[in-house]
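Trainee: Read left to right, the sequence shown gives residues 183 to 493 (our numbering).
Accuracy of the hints is not assured; some may be wrong.
Claimed, not checked - Restricting the straight-line Cα-Cα distance to at most 20 Å, the calculated cross-link-like pairs of lysine to aspartate or glutamate (EDC-like) are:
| # | residue 1 | residue 2 |
| --- | --- | --- |
| 1 | Lys353 | Glu297 |
| 2 | Lys301 | Glu393 |
| 3 | Lys451 | Asp248 |
| 4 | Lys451 | Glu383 |
| 5 | Lys242 | Asp454 |
| 6 | Lys301 | Asp454 |
| 7 | Lys485 | Glu383 |
These are calculated hints, taken from the structure and not from any lab test. It should be emphasised that the depicted structure is a prediction, and the values quoted were computed from it without experimental measurement.
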Amino acid sequence: MKKGIALFITIGILSLISLIVMNSFSLIDRGFRHISKVERINQTRVVISDVENILRIITKHIKDSDTLSAFLGAYPPIADEDGRFLLSMELNSLQRAININSIIDRNVSDGEVMELKPKYFPLFNYIFNQYQIKDGELLLNYILDTLDSDIVERDVGTEIRLNRYNFINGKIVDIDQFREIVRAYQNRVDDREVMKVPWEEFFSFSSSDKETIIDCNFMSRNLANGLELAIDETFSDVDSEEGTISDYITCDMIESSENETEKEIYHIKPYDGNSSYLIEGVVSYSTNAVSEKFRLIYDLKSKKITSIELE
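The whole structure should be built from the sequences, with the hints applied where relevant.
Mentor: Now the structure itself:
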């Protein structure tokens, strides 16, 4: 039954993407090369609206982790019958890691400094030790000075907003902004190791600052180790040819009762449809004349796009 639903989701979303392609191309058949920037923005709005309708229709059938897994991933590009309009889409879970904006304690009085929540110290210690970060304290100060809403430096130069007026302060909204923080640290101490850290295995990025669930069926082994979870390798996904173990775990692998405290502290559980659950979509479409791309965040519970970023 679950396999049948998963197949329906895969076929269904491809069919609906095809309808978007046909509908969107009919709107631009007048000659996309010559239309104004405003009209191109309006065209993107049409595509966004169509994508939201696709997601709303398909996600009604996502009730458990199996169907969610079938839904996520990269979909092959689909073109109109003449090949003049092409659309592709990739969907990933934002619940695979910790929301970076939630790691700081924002519940402070005026004048008090927002600090890292104590429960996240072991994770940063793991990252700094595992990847041999030269000055972990300084890097953390760069991160926290970006996350807090003031412009008071924890260390000289760690408040990037003071030197760059257009730098976003108070939140880290995407991986590109986070990479800017890492580069600022790297340039200061010449720490090449910091560029090797797979940050997206540990943190997710959005405009929200709320703690959300971490879906144990999508979390990395790295994150599980950083949160000090005991992993049962009996359930490991091993490549039979190379003998390598998967970089990701499943909920079965941390089912042990010794993990109950950590799972409660960090809100680790599988998708169940009862809580807000964010997915990230990267959508691109193109014609012979132009290419457009945007990033969206969609909530499986509310069935709505919560944010959009045009690239």
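Trainee: Would you pick out the hints that fail for this structure and give their numbers low to high?
Mentor: 6, 7
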